[in-house]
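Chemist: Here is how the chains run, residue by residue.
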Amino acid sequence: MSTLRDTWIVFHRAMRLSLRNPMWSILMLSQPLMYLFLFGPLLKPITAQISQGATTNAYQVFIPGLIVQLGMFGAMFVGFGLIAEYRAGVIEADRVTPASRIALMAGRVLRDVVVLVVQSILLLLAALPLGLRAPWSGVLLSLVIVALLGATFASLSYSVALITKSEDALAPLLNGIAMPLLLLSGILLPMQIGPEWLQRLSDISPLKHVVNGVRSLFRGDLSSSSTLWGLFWVVLLTIIGLTVGARTFRKESA
Amino acid sequence: MMIEARGLVRTFKTKRGPVQAVQGVDLDVADGEIVGFLGPNGAGKTTTMRMLATLIKPTSGTATVAGCDLARDPVGVRRGIGYVPQSGSTLPEAIAGDEVVDHARLYGVPKTKAIADGQRLFDELDLPGLWRRQCKTLSGGQRRRLDIVMGLIHDPKLIFLDEPTTGLDPQARANLWEHIRGLRDRGATIFLTTHYLDEADALCDRILVIDHGKIVASGAPEALKQQVSGDGVRLDLGDASRAPAVAAIVEQLDGAVAIETDGTAVNFRIPRGGSVLPGLLRTIDAQGIELEGVEVHRPTLDDVFLTMTGRSLRDEHTTPAETQEAEKQDDKQKETVS
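Just so you know, the sequences run in chain order C and E. Position in the first sequence (first residue = 1) + 1 = the numbering used here. Position in the second sequence (first residue = 1) + 1240 = the numbering used here.
For reference, chain C alone in the conformation it holds in the complex (with noise of 0.2 angstroms):
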């Protein structure tokens, strides 16, 4: 089929390009390690207590929102990428190209995946030695998850990237989306050691219900009703953001 020949194609354009220059990965990655060494032992002595006697281990609670807080971010601003090119004519030039539309997003994205599912993987590499136990299955079906929703994010980052044509109105956007969510989905902290009415109001974000399955699949439980829950919330926003995404993509063009 010649969009998924068109994919391979944008993708190892993009692959490429990011292998050039890692030091944008290697930034986003950051981020979340600092959280990791900086922030984690904190929750330590208590998280007996913040995860209602689920589990004593720190990581089992922590790692789950930070590979959830790292699929998110690191695929939000992927649109700065995108206006980038945009400038440069590249998007310009991929549509005059018999190409598939759907692949000249879907190829950027699956970047996006790729790099976000290896920088997961070195962030649960490096929380090993600090003590971090889960079960494989748990943790392989983390990262389709974490994968899922940077395709998600990716996608919607693209689609407002093209429609505003503007770093200066696609930072101020992402950065009002990020904060809430951020503070909504209990990434840092689970909601449930919050007072009731926060917890009412997080229960509306998607985030939150995802990042409580994947805690969940931490510990092992692949069949409790936070991880089909999580899983329900992390398609059904992939449907979404992918349907969005295509849909700019081949609108924007005649």
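Careful: at least some of the hints might be erroneous.
[Said to hold, decoys possible] Straight-line C-alpha distance at most 30 angstroms; calculated DSS-like pairs for lysine-lysine:
id, chain 1, residue 1, chain 2, residue 2
1, C, K166, E, K1353
2, E, K1454, E, K1465
3, E, K1454, E, K1297
4, E, K1297, C, K166
5, C, K252, E, K1397
6, C, K166, E, K1465
7, C, K252, E, K1465
8, C, K252, E, K1297
9, E, K1353, E, K1397
10, C, K252, E, K1454
11, E, K1253, E, K1297
12, E, K1454, E, K1253
13, C, K166, E, K1376
14, E, K1351, E, K1397
15, E, K1351, E, K1376
16, E, K1297, E, K1255
17, C, K252, E, K1253
18, E, K1255, E, K1454
19, E, K1353, E, K1376
20, E, K1297, E, K1397
21, C, K166, C, K252
22, E, K1397, E, K1454
Think of the hints as simulated: they come from the structure by calculation, not from any bench.
With chain C fixed as given, assemble chain E onto it according to the hints.
Modeler: The following block gives chain E in isolation, referenced to the frame of chain C:
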């Protein structure tokens, strides 16, 4: 016919309401021609070209481009054309050769053929040894030629060049003109936009003059210039009080038109200005009127533009702001069609 367009219209929504950037353009381009779209910034050149290159949809109108219907078979159009946008087409950080090969592969050209063709085009377009270089390290002229390589890599029948030499120094421009002529010799049809008169004159077999979204004249550069009646003559008097007497003498001349007094000078147009002048000067001298200077100039494309529109193409600011705005909107605006 390589391009056959009828009644192309493109309307943009702006804050001040809809603007018709292109208002019903008909055009025909034959195989093997170099046709130039000449007009001031904001005249609708780029918008028309972007419609023909499938980048934006016409609000109304039809076109056949490179043998395919624009509305029904945009992918077929894309296969047959190469488009070199004004904005460039390569990422500054990327390696020149990689960009060319990836671009070719999106056209379905196999990798080994893309490399071979790309390297041959690098030689032909005077980019020796730059295959492995980062695009940002290339000079302006080299970068522009790289864009042309990108546009040519799948061997298109028809090549669109949007303002190919804007921003280049005179030497690089002259060099690029040579390369563009070379493309035609390979059998390609070339459609370019320009707001440079000398470029249109030097390069194009035929020119379409566009203003306010409408084609106001079309023809070979020489034929267009012949439409403008005669040479321009300017008599500089140094004193405005002498102008009426001189204008009266000029009016007696056979074939003198567009007689205008411009401060201390009298301007008019007349066929074969050079041969009329000696007699005219004698007459003026005989009446004891002093002259400070005389100029005769052959009609230029600017005169054509002036005759057609009443404005000079050299005065860029004469383009209405809202039309320029509309062309900028062209990039920013969201498509409402899909």
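Chemist: Work down the list of hints and note, for each, if the structure agrees.
Modeler: Hints, one by one, checked against the model:
no. : hint                : verdict
1   : C:K166 <-> E:K1353  : violated, 35 angstroms
2   : E:K1454 <-> E:K1465 : holds, 19 angstroms
3   : E:K1454 <-> E:K1297 : holds, 18 angstroms
4   : E:K1297 <-> C:K166  : holds, 19 angstroms
5   : C:K252 <-> E:K1397  : holds, 27 angstroms
6   : C:K166 <-> E:K1465  : violated, 42 angstroms
7   : C:K252 <-> E:K1465  : violated, 43 angstroms
8   : C:K252 <-> E:K1297  : holds, 10 angstroms
9   : E:K1353 <-> E:K1397 : holds, 18 angstroms
10  : C:K252 <-> E:K1454  : holds, 27 angstroms
11  : E:K1253 <-> E:K1297 : holds, 14 angstroms
12  : E:K1454 <-> E:K1253 : holds, 19 angstroms
13  : C:K166 <-> E:K1376  : holds, 22 angstroms
14  : E:K1351 <-> E:K1397 : holds, 21 angstroms
15  : E:K1351 <-> E:K1376 : holds, 24 angstroms
16  : E:K1297 <-> E:K1255 : holds, 20 angstroms
17  : C:K252 <-> E:K1253  : holds, 16 angstroms
18  : E:K1255 <-> E:K1454 : holds, 23 angstroms
19  : E:K1353 <-> E:K1376 : holds, 25 angstroms
20  : E:K1297 <-> E:K1397 : holds, 22 angstroms
21  : C:K166 <-> C:K252   : holds, 14 angstroms
22  : E:K1397 <-> E:K1454 : holds, 26 angstroms
When each numbered hint is compared with the structure, violations occur for hints 1, 6 and 7.
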